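Q: As a plain string of letters, each chain reads:
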Amino acid sequence: DTAVSQTPKYLVTQMGNDKSIKCEQNLGHDTMYWYKQDSKKFLKIMFSYNNKELIINETVPNRFSPKSPDKAHLNLHINSLELGDSAVYFCASSQERQASFYEQYFGPGTRLTVT
Amino acid sequence: GEDVEQSLFLSVREGDSSVINCTYTDSSSTYLYWYKQEPGAGLQLLTYIFSNMDMKQDQRLTVLLNKKDKHLSLRIADTQTGDSAIYFCAEQGTYKYIFGTGTRLKVLA
Numbered sequence: 008d009t010a011v012s013q014t015p016k017y018l019v020t021q022m023g024n025d026k027s028i029k030c031e032q033n034l035g036h037d038t039m040y041w042y043k044q045d046s047k048k049f050l051k052i053m054f055s056y057n058n059k060e061l062i063i064n065e066t067v068p069n070r071f072s073p074k075s076p077d078k079a080h081l082n083l084h085i086n087s088l089e090l091g092d093s094a095v096y097f098c099a100s101s102q103e104r105q106a107s108f109y110e111q112y113f114g115p116g117t118r119l120t121v122t
Numbered sequence: 455g456e457d458v459e460q461s462l463f464l465s466v467r468e469g470d471s472s473v474i475n476c477t478y479t480d481s482s483s484t485y486l487y488w489y490k491q492e493p494g495a496g497l498q499l500l501t502y503i504f505s506n507m508d509m510k511q512d513q514r515l516t517v518l519l520n521k522k523d524k525h526l527s528l529r530i531a532d533t534q535t536g537d538s539a540i541y542f543c544a545e546q547g548t549y550k551y552i553f554g555t556g557t558r559l560k561v562l563a
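If you read the sequences in order, they're chains A and B. Throughout, our numbering is defined as the position within the first sequence, counted from one, plus 7. Throughout, our numbering is defined as the position within the second sequence, counted from one, plus 454.
FYI, nobody ran anything at the bench for these hints, they're computed from the structure. Hints are not guaranteed to be accurate.
As the list claims (entries may be wrong) - Incomplete in silico selection of chain B near chain A, CB under 8 Å:
no.: 1; residue: Ser482
no.: 2; residue: Tyr485
no.: 3; residue: Ala495
no.: 4; residue: Gly496
no.: 5; residue: Leu497
no.: 6; residue: Leu499
no.: 7; residue: Ile540
no.: 8; residue: Phe542
no.: 9; residue: Tyr549
no.: 10; residue: Lys550
no.: 11; residue: Tyr551
no.: 12; residue: Thr555
no.: 13; residue: Gly556
For clarity, every value in this text was computed on a predicted model and none was experimentally measured. Where is the CB? At the ideal position from N, CA and C, for every residue including glycine.
With the hints as constraints, model all of the structure from the sequences given.
A: Next comes the structure, spelled out in structure tokens:
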């Protein structure tokens, strides 16, 4: 069974369009994340949600709007796509198992290409 | 700042040991992690170390932590071609990880 799944796996779209990426986890975790990995493989946190509440927004442009309808889902909507948004977007989830330790489980990634 | 630095590339011969280094910034990180990313896939946790430990061994993996210098290393013994991947160290923040720049390990047969 897939623990963290993302759809779509690939997304090719034109500048100016609006698109969404969906993420679902079946691990019962209470925290979910979005990361962006650029062409040099640098991986940066974008958002984290705990129990459907936004905890972290790492100076991401307003064009990016995450939505968590329930604890198992964290979707990412992007308005007015720009060339610089081309990257691989990873969803992840975690559950704090003991004080301060938590393992993050990553989805397979969504490769977004903006032309 | 929050930059976690790693050397970008490492090439070793099959059967040799690989050592991947990481310099982190937040001395208050309770745990430090090593993740592996295979081509076209997400990241998977390899191992981790609690900040009050100097060393942790897990089969072919040895993690060394020098807290004074904020230096973390991952040694892979008897490196195999299946170990070819990108390796990320990560320090733990509040509700986030801060990942290193990643080291691309290439294992030559």
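Q: A separate judgement is required for each hint: does it hold in the structure or not?
A: Okay, the hints, checked on the actual structure:
{"no.": "1", "hint": "Ser482", "in the structure": "violated (10 Å)"}
{"no.": "2", "hint": "Tyr485", "in the structure": "holds (5 Å)"}
{"no.": "3", "hint": "Ala495", "in the structure": "holds (6 Å)"}
{"no.": "4", "hint": "Gly496", "in the structure": "holds (3 Å)"}
{"no.": "5", "hint": "Leu497", "in the structure": "holds (5 Å)"}
{"no.": "6", "hint": "Leu499", "in the structure": "holds (5 Å)"}
{"no.": "7", "hint": "Ile540", "in the structure": "holds (6 Å)"}
{"no.": "8", "hint": "Phe542", "in the structure": "holds (7 Å)"}
{"no.": "9", "hint": "Tyr549", "in the structure": "holds (4 Å)"}
{"no.": "10", "hint": "Lys550", "in the structure": "holds (4 Å)"}
{"no.": "11", "hint": "Tyr551", "in the structure": "holds (6 Å)"}
{"no.": "12", "hint": "Thr555", "in the structure": "holds (6 Å)"}
{"no.": "13", "hint": "Gly556", "in the structure": "holds (5 Å)"}
Checked against the numbered hints given earlier, the structure breaks only hint 1 and satisfies all the rest.
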